[in-house]
Structures are given as C-alpha cells and as structure tokens.
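Chemist: Sequence:
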Amino acid sequence: MIAFVSGTVAALAPDAAVVEVGGVGMAVQCTPNTLSTLRMGQSAKLHTSLVVREDSLTLYGFADDDERQVFELLQTASGVGPRLAQAMLAVHSPDALRRAVSTADEKALTAVPGIGKKGAQKLLLELKDRLGGPVGAPAVGAPVSSGWRDQLHAALIGLGYATREADEAVTAVAPQAEAAEGTPQVGQLLKAALQSLNRAR
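So the sequence shown is residues 1 to 201, counted in the UniProt record's numbering.
Worth flagging that the hints you see were computed from the coordinates, not collected in a lab. Since this is a predicted model, take the numbers as computed values, not measurements. Do not take every clue at face value.
[What the hints assert, rightly or not] Here are the simulated BS3-like pairs of lysine-lysine, each with C-alpha atoms no more than 27 Å apart in a straight line: (1) Lys128 <-> Lys118; (2) Lys191 <-> Lys117; (3) Lys107 <-> Lys122; (4) Lys45 <-> Lys191; (5) Lys107 <-> Lys191.
[Claimed, not checked] Here are the computed distance ranges between Cβ atoms for each label pair: (6) Ile2 <-> Pro175: 24 to 34 Å; (7) Leu125 <-> Leu50: 41 to 51 Å; (8) Phe4 <-> Gly160: 21 to 31 Å; (9) Ala162 <-> Leu50: 33 to 43 Å; (10) Lys128 <-> Arg199: 40 to 50 Å; (11) Thr163 <-> Ser102: 17 to 27 Å; (12) Ala3 <-> Asp167: 30 to 40 Å.
Built from N, CA and C at the ideal position, the CB exists for glycine as well.
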C-alpha cells in the first residue's frame with residue numbers, strides 16, 4: 001500500500017493533483033478542501049489510500065491521516081465506494097461526519113450528492129459504531145457552509161488564477177451557493193466557477 005506521497009506539485013485540476021515523486025508524476029484524486037492547500041511548484045505531502053480495481057489503480061489523497069482513515073472506514077458501509085466516500089469528505093470534515101452519525105443527523109448526510117433519505121438512514125445505522133465521536137473541538141455552525149467562499153477562493157488560487165479572477169468567480173457562483181439547500185457543495189461550485197472563468201476569457 002502507498003501510505004503517502006511527498007514531492008513537488010506538478011499540476012492541479014478541479015478534482016486531482018499530480019505530485020512528482022522521484023521523477024514520476026503520481027495522479028492523486030483529492031477533495032476541493034485538500035486541493036486548496038496545494039500550490040503549483042511547491043512541495044506537498046498527501047496521505048493516500050490506493051483503490052485497486054480490475055481495470056484501474058486509483059490513488060486518493062488527503063491532507064492528514066485522520067481524513068484518510070475516515071475515507072477507508074466509510075467504505076466499510078454497504079453501498080459506499082471510494083467516490084461516494086470522497087464526496088462525503090468534500091462536503092463534511094471527518095469530525096463533522098462523526099458528529100452527524102453520532103447525533104443521527106440525516107440532513108447532514110443527504111447534503112452529500114448521491115445520498116438520499118433511505119441511504120442516509122442506512123448509513124447512520126451502519127456507521128454508528130464505526131466512526132466514533134468527534135475528536136476535535138465542537139464546530140461552530142456548518143463546517144463547510146460557513147467557509148465555502150474561502151475554500152473556493154483558495155482552490156482557484158491554487159489552480160493558478162489571479163486573485164482578481166478568483167474574486168470574480170466566487171461572486172459569480174454566490175447566488176448558486178446561497179440558493180442551495182443545506183451545505184453548499186464546494187466541488188460543484190468549483191466546476192461552476194471554472195466554467196464562468198472560461199466564458200470570461
């Protein structure tokens with residue numbers, strides 16, 4: 001298993017990063033939160049989980065080992081594959097997920113694309129004794145909804161856009177974020193922001 005990759009960030013995309021390790025570019029799938037911490041040309045260390053399929057090897061990267069462990073624990077629930085587990089971590093921090101499960105917060109889980117009401121109820125039952133309680137301090141408000149602007153702005157800067165362009169893109173998608181029920185999906189907002197920037201160029 002590849003526990004982590006450490007090297008220079010060679011490329012950034014909306015859902016992945018390429019880290020150069022010993023002359024080899026390792027493509028790593030990441031959440032928008034993790035991508036927002038990376039900068040082109042700078043060194044980075046990502047904790048990783050390798051998902052092996054018959055026709056593919058996919059490396060998922062995380063800012064810390066706690067997030068990686070939660071990613072793997074989520075997949076022990078029936079119906080949760082790596083993509084859905086990553087989507088859950090794109091919307092909620094590990095502690096926010098622990099809090100949602102420990103308090104049976106159905107709405108928090110249905111805020112994740114791909115999880116409906118029945119799916120959320122099933123996950124709450126299956127994950128109840130697996131995730132444990134929050135390990136950090138209690139969050140004030142929704143962890144992602146309160147900071148989506150900062151996360152989106154940082155992700156755009158990380159992708160190489162100028163501060164002015166990032167500001168304009170955040171403003172452009174603000175109505176979409178505010179109209180969304182529950183927690184804004186940073187990944188979806190990033191795609192919308194990139195589309196608005198491409199139209200402006």
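Chemist: Could you run down the list of hints and mark each one as holding or not?
Modeler: Hints versus structure:
1. Lys128 <-> Lys118: holds (15 Å)
2. Lys191 <-> Lys117: OK: Lys191 and Lys117 at ~26 Å, within 27 Å.
3. Lys107 <-> Lys122: holds (13 Å)
4. Lys45 <-> Lys191: holds (25 Å)
5. Lys107 <-> Lys191: holds (24 Å)
6. Ile2 <-> Pro175: 24 to 34 Å: violated (41 Å)
7. Leu125 <-> Leu50: 41 to 51 Å: Because 28 Å falls outside the window, the suggested range is violated.
8. Phe4 <-> Gly160: 21 to 31 Å: About 25 Å separates the Cβ atoms of Phe4 and Gly160, which means 21 to 31 Å holds.
9. Ala162 <-> Leu50: 33 to 43 Å: Taking Cβ atoms as reference, Ala162 and Leu50 lie about 35 Å apart, which means the hint holds.
10. Lys128 <-> Arg199: 40 to 50 Å: holds (45 Å)
11. Thr163 <-> Ser102: 17 to 27 Å: violated (39 Å)
12. Ala3 <-> Asp167: 30 to 40 Å: Holds, since Ala3 and Asp167 (Cβ atoms, about 38 Å apart) stay within the stated range.
Violation of the numbered hints given earlier is confined to hints 6, 7 and 11; the remaining hints are satisfied by the structure.
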